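A.B. asks: From first to last, the protein sequence lines are chains S and L. Numbering follows my numbering, with no gaps: position 21 of the first sequence is 7. Numbering follows my numbering, with no gaps: position 122 of the second sequence is 411.
Simulated from the structure, these hints should not be mistaken for lab results. It cannot be assumed that every hint is accurate.
To be verified - Think about it this way: if two alpha-carbon atoms lie no more than 16 angstroms apart in a straight line, the pair counts; the simulated EDC-like pairs of lysine to aspartate or glutamate are:
| hint | chain 1 | residue 1 | chain 2 | residue 2 |
| --- | --- | --- | --- | --- |
| 1 | S | Lys24 | L | Glu344 |
| 2 | S | Lys24 | S | Asp1 |
| 3 | S | Lys11 | L | Glu328 |
| 4 | S | Lys11 | L | Glu336 |
| 5 | L | Lys347 | L | Glu317 |
| 6 | S | Lys(-7) | S | Asp118 |
The structure presented is a predicted model; accordingly, all values stated were derived computationally and were not measured.
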Amino acid sequence: MKKGGRKFSALVVDDDQVIRNFEEKLLARFELETKVVKNGEEALKLFREGYTFDVVVMDMEMPVKNGPEWYGGTCRPLVQATRALRAMGVDCMIVGVTSRGDGPEKAELEAAGLNCCWEKPLNDKIVRTILDELAKKSS
Amino acid sequence: MLGLSLDQLRTDMNRLLAILFHQGVLDEQFLQLQQLQDESSPNFVSEVVNIYFHESEKLLRNLRALLYLPISLSLLLYLINEVKMSDVLCRVDRELCDYKKMEIQLNQLMGSSSSIGAQRLRNVCIAFRAASNHNNRPGCLRALELLEYEYCYLKNKLHELFQIEQQRMLAAAVRYPAPHQHLNNPQA
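Using the sequences provided together with the hints, build the complete structure.
C.D. replies: Pasting the structure below:
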């Protein structure tokens, strides 16, 4: 819960419906008001429409079409989406969730403005850590 | 009689779950999923798992096509004398399999499998991805076969679990009817 009694809000960005359903329910269990979208483009669209969130939880390996080339298998879509969000002035927490372990992309992601990343699946311990960070930020 | 049935069903469910945990088919993430089921979403687990099965079947078909389609095309070329058989085998193993696309399917399957607690399936995906990273088609083929086996086993066992859960809910409803039924039929 935020200072002043308002709930924290979260945006889940994942191309997989199983994960979207699961993460939405998990975050709602911790009283975060949660929206879900399928990719970085939809996430950017929400921010351009004026939506704000306290935390964005983003899949690190979403394949996003950009012309004829697929970026699948790398975190490039997440890097692009994070850079675009930060360039728009979005300063909320952005966390990545990955199917891989610690990879060489981590430094690139942190440089792009990602706050941290965790290995899938999201669970209650990770959500509590996120909430602790949000509580420190809002105090 | 009904009471015994409810208890027996609960025992059957717990026994099946214990077996699946012991075998490593499921991990604690499945418990996390169960904990999210509540009155507002009483079928949350079965709904999410059924979406998982639907999506996984697509991913497995894609993986099969990515591994087997190149050999079909290469054989066709061989048959019309465009390439030698040795070239066919070489090209299939090294060039024609789209390992990048395979990695996309695998990442998705790994992510969704880990989200529902399908531990053994996830572990096979890891091995599959390692083979794919080395452009190792025979390794990928073996991993795909194992993946399909694990998937079938998981699907059968979870369907069994959901059937017992449904029977348990029906038995509970018969044993503990909703309050309005008493008001309409005082003799019940």
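A.B. asks: Now, for every hint given, state plainly whether the structure supports it.
C.D. replies: For each hint, the structure was consulted:
Distance hint between Lys24(S) and Glu344(L) is fulfilled; the C-alpha atoms sit about 15 angstroms from each other, no more than 16 angstroms. Restraint check: the Cα-Cα separation between Lys24(S) and Asp1(S) comes to about 5 angstroms, which is no more than 16 angstroms; the hinted pair holds. The hinted pair formed by Lys11(S) and Glu328(L) meets the criterion: a straight-line CA distance of about 13 angstroms does not exceed 16 angstroms. Pair hint Lys11(S) plus Glu336(L) holds up; C-alpha atoms about 12 angstroms apart against a cutoff of 16 angstroms.
Taken as a hint, the Lys347(L) and Glu317(L) pair is broken in the structure, with Cα atoms around 26 angstroms apart against an allowance of 16 angstroms. Our distance criterion of 16 angstroms between C-alpha atoms is met by Lys(-7)(S) and Asp118(S), whose separation comes to about 13 angstroms.
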